[in-house]
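Asker: Please take these sequences and the hints and turn them into a complete structure.
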Amino acid sequence: MSVLDTVLALVLQTLRIAVPYLFAAAGGVLAERAGVISLTLEGFMLGGAFGAVVGEFYLGGAWIGVGVGIAFGLALAAIHLLIVGVTRFFLRLAFGSSSNSPRIAAFGETGGLLGSLASPLLWLGLVTIPVAAWLLYRTPFGLRVRAAGEHPDAAASVGVSVPRVRYAAVLISGALASLGGVYLAFEQHQFSDQMTAGRGFIAVAAVIFGRWNPLLAGGACLLFAAAETLEIQLQATTAVPSQFIGMIPYILTIVALAGVVGRSVAPAALGKIPD
Amino acid sequence: MTTRVLDVPAVQRGPLAVRTRLRAGLEEALLPPVVALLVALVIGDLLILAVGQPPGAVYRLLLQGTWGNAYGLGQVLFKATTLAFTGLAVAVGLRAGLFNIGAESQLAAGGFVVALLGLVLPAGTPALLAIPLGLAAAAVGGAAVGVVPGVLKARAGAHEVIVTIMLNFIVLALLNWIVAAHLHVPETLHTPEVHAGAIPRLADLFTVFHGSAANLSLLLTPVAAAGVWWFLFRTRRGYELRAVGLQPDAAEYGGVSVGGVWTRAFALSGALAGLGGVNFVLGYKHYYEDGFASGAGFMGIAVALVGRNHPVGILVAALLFATLSQGGLAIHAVVPKQMVEVLQAVVILAVVVSVPEVRRLLRRSRRTEAA
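Residue numbers (the numbering used here), protein chains in the order written: chain A, 937 to 1211; chain B, 77 to 447.
Any given hint could be a false lead.
What the hints assert, rightly or not - Derived CB-CB ranges, DEER-like:
| # | chain 1 | residue 1 | chain 2 | residue 2 | range |
| --- | --- | --- | --- | --- | --- |
| 1 | A | 1063 | B | 97 | 55 to 65 Å |
| 2 | B | 110 | A | 1103 | 23 to 33 Å |
| 3 | A | 1086 | B | 370 | 30 to 40 Å |
| 4 | B | 256 | A | 939 | 31 to 41 Å |
| 5 | B | 104 | A | 1169 | 40 to 50 Å |
| 6 | A | 1067 | B | 262 | 53 to 63 Å |
| 7 | B | 261 | A | 1133 | 24 to 34 Å |
| 8 | A | 1086 | B | 107 | 31 to 41 Å |
| 9 | A | 1155 | B | 136 | 52 to 62 Å |
| 10 | B | 269 | A | 1178 | 25 to 35 Å |
These aren't lab readings, by the way, just hints derived from the structure by calculation.
Where is the CB? At the ideal position from N, CA and C, for every residue including glycine.
Answerer: Dropping the structure here:
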């Protein structure tokens, strides 16, 4: 394998790891800018992953899976504790096992180095971040979202329905995070219990790391994904205990957060309910 | 030093006002959670009906498997002990306006340090010395992990949610490595048994509890809850902590060092979570086992939420969640035990949604009464 091939492989691996983060972080930014704490991303993702597999398995067709995934993520968009239990509960009902689903085809298997580029969701994930930025900074809806998150009373005084804006933002965030889960399930061609494994939390970290700005949060997602790629590569080659290599992305995050990024200022009305 | 304006304000008390206030307070404390539980119960009914079982029979099975026999009760008390500590830990953080998602790793660190101490102490160390030392070790272990996000927030403005999430991964991986590489009994992922400091199990005192993990460390929970209550509501430090939680800028203006409060609150929060490790390590297995804390830290968030961040509420919530979690095993034959996880989530949602709603209705009806 030439050097170019190696670099390309690393970049592609980074992208594949990044896609679920990108979706979830884009959703997280929208929800949090509207003033709603988004520790629920993990749940949305899990719901999306599960719905995608059920949808494709019973109804056939990858795009139907995508649709069902989003619907499932939204329908169960409550809190992540709920979703963990719910998917397991329904996994029992749907597939008669509470830890794994049967295999699904997703968008088919394309071998080769560039095979992962065949997934339309990968491209959608990359596009989501600039679209979220455009939505947030260049549209009336985005202005309302930001107003609801910074100063809900002021937004209400000019006739913006803060609850409605927040609901909309959370629904969009749920749909996006579900897509992250759908991608994850399609990558692995099945649903397994707790398959999101903390990815939603990493996405939350990316949101805060990116100072609630979609583009910066997207950058943070790529950074996390690159660190994970590095981790996987190092794990295969070095004698350092795997636990330490596994810590790299997390330590990097803390160091970056404490040293480089500096004070992160949250939306002023984050988590506050106006009277 | 500047004058403190934040001393505990004198509450106006009149003999007449006391009784009405007492009644109103009781109503506000009891009615909302009861309504929330009823809501959760109805949703639970629907879920059980959805899998084609009679709800009454399932609930009866759940109660029989938990409060219905000594073993089940022992298991509930054991689980509730850990949850009470992580719940108190999360609540102290929330009172200071801090989201401690890290109770999971603080609990594990507390358990690990107390196990280390137990291995270092010579066999035959009197319990009267070994157990208090163990408690201190667990608190120090938890606080050592807990203080990190506090300091990073105070000094560098690092957001505590990210830092605690990241620390969970880091600390658990570190402990996993120490145990797997240096301290484990062959073929297992746990340390050797401690030489001293073991806390007697309930089964040693009352034979009916035979086989259950409950141990005398459960007596620590009311003590810890009372201590937290005293600290939060009867000391200047506690008042400062709550002031920072409600309005950091105002507290700062009043002469409180906000960063100092964040650091202390996180240290205390971590210490409480760490103390929870005593229950498993000294009380149950007598060794540290990789993954013993799994889930108890996150469940602490739920316990704190449902317990409304009040020590008494947290004890009740811990019992409730422990009952549901143990009950899941009891009803497993009839309905999937994940049902109970869904039910736990429904309880959380019901409390979060309906408590403020019921409270508002109560206040409104009282206002119309007065008018």
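Asker: So, for every hint listed, does it hold in this structure?
Answerer: A quick look at each hint next to the structure:
At roughly 59 Å, the beta-carbon separation of residue 1063 of chain A and residue 97 of chain B lies within the given 55 to 65 Å, and the hint holds. At roughly 29 Å, the beta-carbon separation of residue 110 of chain B and residue 1103 of chain A lies within the given 23 to 33 Å, and the hint holds. Judged by the Cβ atoms, the range 30 to 40 Å given for residue 1086 of chain A and residue 370 of chain B holds: they are separated by roughly 38 Å. Residue 256 of chain B and residue 939 of chain A have their C-beta atoms about 36 Å apart, which keeps the hinted 31 to 41 Å range intact.
For the hinted restraint 40 to 50 Å between residue 104 of chain B and residue 1169 of chain A, the CB-CB distance of approximately 58 Å leaves it violated. Look at residue 1067 of chain A against residue 262 of chain B: about 55 Å separates their beta carbons, and that is inside 53 to 63 Å. As the Cβ distance of residue 261 of chain B to residue 1133 of chain A is approximately 28 Å, the hint placing it in 24 to 34 Å holds. For the hinted restraint 31 to 41 Å between residue 1086 of chain A and residue 107 of chain B, the CB-CB distance of approximately 35 Å keeps it satisfied.
At about 55 Å, the beta-carbon gap between residue 1155 of chain A and residue 136 of chain B stays in the expected band of 52 to 62 Å. The hint said 25 to 35 Å for the Cβ distance between residue 269 of chain B and residue 1178 of chain A, and at roughly 28 Å that hint holds.
Of the hints listed earlier, the one the structure fails to meet is number 5.
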